[in-house]
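Residue numbers for the sequence shown follow this note's numbering, beginning at 865 and rising by one.
These aren't lab readings, by the way, just hints derived from the structure by calculation.
Bear in mind that the values here come from a model prediction, so they are computed numbers and not experimental data.
Errors might be hidden in some of the hints.
[Stated by the list, open to error] Derived pair list, reagent style DSS-like, types lysine-lysine, alpha-carbon separation capped at 25 angstroms:
| id | residue 1 | residue 2 |
| --- | --- | --- |
| 1 | Lys1135 | Lys964 |
| 2 | Lys1142 | Lys909 |
| 3 | Lys1146 | Lys917 |
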Amino acid sequence: MRQYFEKMTEFGVALNKGQLLSSEQNVKNILEVEDGIDVEVEKVKNAGMPTEKINARGAMTVWQRLEYLIDPGTWNPLHTLFNPEDNEENTTNVIDGLAKISGKWCVVAGFDNKVMAGAWLPGQPENILRVTDLSKRLNIPLVWLVNCSGVKLTEQEKFYANRRGSGTTFYRHAELEQMGIPILAGIYGTNPAGGGYQGISPTILFAHKDCNIAVGGGGILSGMSPKGYFDLEGAEQLIAGAKQFKAKPPGSVDIHFNETGFFRYVYEEEKGVLDGLKDYMKDMPAYNP
């Protein structure tokens, strides 16, 4: 077969001048489309609070965390412009893609803490489902960078219901773990209520010293009320009681590292969390494409 292909008769003819000119125009049109996409991607990257303001608070943005975490030249972004609910923020607030960490391929996803402190936005559940599907199909680890303020309350009806809603995260994480696919999560900042979903179901949690996770909501708080339901009066009583409470708050590193055991590792610096993820990825089996 090798000799046949080496000596086979050539076929086809050279492109004529008109075809070449047409090809040049096609290339120009494609480049213009790509330039337009680049403009929209930059809008997503620059959305929300300025990077300088986040850094002034002693925190890194999700983009800075990604740049530090992944191997140079391996980032393949996905869903950056994905906005299935056409929400006003023009982003699902989850930044994800394929990348290598310590030489091993994985799916990486992080909440954009520049936009509403990483809140759930419409369309985000569908994006997260695609992220977990990718990890399942490729049989590679899923690495989360969690920094989520919870659901955008004014649109919370768009998140919880149906088999593809935000609760699907629990099921899919359990499914991946049963398949032997690890889920690693670096935890930053305050992650209340829905913000805790990605923070309580991964395989191993790498926590920054100032972070916390706490799943809650009106349904849970109503169980603390003798009335059996939750209302304004009950909320005010809980707030007043909390102000008198001197113990360390639930959801803190002290609780989840020393008591519940949710946090496997705790780090003093933000980059320490990322270094911990890098070190753990060194021991992962390599994906063979």
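Hint-by-hint comparison with the structure:
| no. | hint | verdict |
| --- | --- | --- |
| 1 | Lys1135 with Lys964 | 17 angstroms, holds |
| 2 | Lys1142 with Lys909 | 24 angstroms, holds |
| 3 | Lys1146 with Lys917 | 33 angstroms, violated |
In summary, the structure is inconsistent with hint 3 from the numbered list given earlier, while agreeing with all the others.
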